[in-house]
Amino acid sequence: MSADGHLPIDTETSETQLDIQRVGGRIGAEVRGLRLSADLSLDAVQAIETALLKHKVLFFRDQHHLDDAGQEAFAIRLGQPQAHPTVPVREGTRYLLELDSQHGGRANSWHTDVTFLPAYPKASILRQVVSPEYGGDTVWANTAEAYARLPAPLKALADQLWAIHTNAYDYAAARPDLSREALEKHRAVFASTVYETEHPVVRVHPQTGERTLVLGHFVKSLKGLSTADSRRLFDSLQEQVIRLENTVRWRWRAGDVAIWDNRATQHYAVDDYGDQHRVMRRVTLAGDVPVSIDGVSSRLVAPVPPAAA
Amino acid sequence: MNAITDPKSFQDAANDAGLTFTPAGPLLGAEVSGLDLRQPLEPAVVDALRAGLTRFKVLFFRDQDVSHDDHIRFGRYFGDLEGHPVTATVPGYPEILHIEAADGLKVTEQILPYARAANKWHTDVTFREKPSFAGILRARKLPEWGGDTLFADTAAVYADLPQEVKDKIAGLTAEHDILQSFGYRVTEEKRQQLIRDYPAKTHPVVRHHPVTGEKHLFVNHVFTTRILGLPDEEARKLLAFLVERVKQPEYQVRFRWSPNAIVFWDNTATQHYATLDYWPHERIVERVTVVGTDAPH
Chain A
1 MSADGHLPID
11 TETSETQLDI
21 QRVGGRIGAE
31 VRGLRLSADL
41 SLDAVQAIET
51 ALLKHKVLFF
61 RDQHHLDDAG
71 QEAFAIRLGQ
81 PQAHPTVPVR
91 EGTRYLLELD
101 SQHGGRANSW
111 HTDVTFLPAY
121 PKASILRQVV
131 SPEYGGDTVW
141 ANTAEAYARL
151 PAPLKALADQ
161 LWAIHTNAYD
171 YAAARPDLSR
181 EALEKHRAVF
191 ASTVYETEHP
201 VVRVHPQTGE
211 RTLVLGHFVK
221 SLKGLSTADS
231 RRLFDSLQEQ
241 VIRLENTVRW
251 RWRAGDVAIW
261 DNRATQHYAV
271 DDYGDQHRVM
281 RRVTLAGDVP
291 VSIDGVSSRL
301 VAPVPPAAA
Chain B
1001 MNAITDPKSF
1011 QDAANDAGLT
1021 FTPAGPLLGA
1031 EVSGLDLRQP
1041 LEPAVVDALR
1051 AGLTRFKVLF
1061 FRDQDVSHDD
1071 HIRFGRYFGD
1081 LEGHPVTATV
1091 PGYPEILHIE
1101 AADGLKVTEQ
1111 ILPYARAANK
1121 WHTDVTFREK
1131 PSFAGILRAR
1141 KLPEWGGDTL
1151 FADTAAVYAD
1161 LPQEVKDKIA
1171 GLTAEHDILQ
1181 SFGYRVTEEK
1191 RQQLIRDYPA
1201 KTHPVVRHHP
1211 VTGEKHLFVN
1221 HVFTTRILGL
1231 PDEEARKLLA
1241 FLVERVKQPE
1251 YQVRFRWSPN
1261 AIVFWDNTAT
1271 QHYATLDYWP
1281 HERIVERVTV
1291 VGTDAPH
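As you go down the protein sequences, you meet chains A and B in turn. Okay, so the first sequence: first residue is 1 according to the numbering used here, each after it adds one. Okay, so the second sequence: first residue is 1001 according to the numbering used here, each after it adds one.
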């Protein structure tokens, strides 16, 4: 480990050299000249994994050859695909989540995918199928950098905190623009089963050993604090995560694929394209249960797990 | 109607001048192609750029290897130029600001938190009675990665405020003070001079754009010290609420620099933020600033 607590990640050890261009100063890289598919060599897959751990989000332009089946088949090379716990998969696929702007598929608030479950996904693979003429960028934030750059007293504070994450978060407050009908639909599908999970605010990344901040819009409260204290403390830590220095903004073209390490990032889908059509399809890969810096695992609070019921 | 306010005649002006404006997003920002800023510009081109600036609020030019004299000449098409009370200038060119994260000091982890205010959302020089109309920034030395500049549309920020907030801030004024950002980075002697030469100025919280008349939120985190005419606690909370609004990504465009890129922004319609994510690499940019001719109203 280096002095700042990071495991050195050496992208040079893999035999396949990727053409990698960094995009942001602290997060994000574009990988050029690679055709994503199930047929990639083991070396190429390992090179992608290594680059992903280092840069947290990777961008691949012009992957027009990928269809739904191709995206799923490629995803299997990186991990175990997993359907969304409450939203039905796209018809004819096993795992694909479709985000269609015409059906309420907008996510313009900062979050890490599915943190209302203990073993939330380790990565997501997102493909743009229909591009608006302009607008609809996605922004990612590096939660490992955010932790690493906290002043020591704030690190010590965050290290001790636990948060309760739920999919029944206040969606109406986050999306005041939505109709009651859309809100009802959201509750009926997205929050059809209400999950609550306790996660440490500081998670040790299972592969890099980096400490990351686990926050985002599924957080309902910080354990053991009053609502007001909880809100204030959440806001000040969340603000550290999304400082512009920790972020990268990607302007999509149809055929682009982004892969992010969901254990080390949050993201935000910019909702600025009005009535233009935008379609994204996502495969998420199964992750493991987070562990705090002192070795305590996240746990499901609701629904009450069968063993404890 | 003229080329500034009418979209159709704007397009005609662009066509006449042989310029292409490619929008960078739905709200603001466009990349301009079809011109060489090393050469003097025809009046039709200047008109089209003026109209484009009003329409897109920030214009991006690529691969313009301009000299210092070219940079100054370009700025003068749009008005008189001004220097800056604190920021260093390029030797021999008092009209060109030399901007880097720590004003020529060696940036260290210790200095980083105090590095210049450019990595906070702000409109330039709102401590002046007549804040500048436009800034023209060119990349002189870029880091290998990072150092993007973001711009935000303050008309859209205003338009999306809740109606009760719009009602509340209509007619309110706020104080803007250079000391709040630059005051702690200068010697005591310079500080005393700034206090004498740049007393705090009062501006409306909502300003009308000098060309379009559109309403813009006109308070910023860097220079606005307080909202006047309200109880202290209420004024403090309202200002904190207002300066946060610009942070929503929907209002922003993020520009990734390339060698010899130039950015030209309407300082009456935007705020901007220079991302400080490239340390320990160096980033030097040079700015020509076009004076404002009106006090905000």
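One or more hints might be untrue.
[As the list claims (entries may be wrong)] In silico DSBU-like links for lysine-lysine, alpha-carbon gap of 35 angstroms or less:
{"no.": "1", "chain 1": "B", "residue 1": "Lys1247", "chain 2": "A", "residue 2": "Lys185"}
{"no.": "2", "chain 1": "A", "residue 1": "Lys54", "chain 2": "B", "residue 2": "Lys1247"}
{"no.": "3", "chain 1": "B", "residue 1": "Lys1130", "chain 2": "B", "residue 2": "Lys1247"}
{"no.": "4", "chain 1": "B", "residue 1": "Lys1247", "chain 2": "A", "residue 2": "Lys223"}
{"no.": "5", "chain 1": "B", "residue 1": "Lys1141", "chain 2": "A", "residue 2": "Lys54"}
{"no.": "6", "chain 1": "A", "residue 1": "Lys54", "chain 2": "B", "residue 2": "Lys1120"}
{"no.": "7", "chain 1": "A", "residue 1": "Lys220", "chain 2": "B", "residue 2": "Lys1120"}
{"no.": "8", "chain 1": "A", "residue 1": "Lys220", "chain 2": "B", "residue 2": "Lys1168"}
{"no.": "9", "chain 1": "B", "residue 1": "Lys1141", "chain 2": "A", "residue 2": "Lys220"}
{"no.": "10", "chain 1": "B", "residue 1": "Lys1237", "chain 2": "A", "residue 2": "Lys155"}
No lab work stands behind these hints: they were computed from the structure.
Hint check, failures only:
Violated hint: only 9; rest satisfied.
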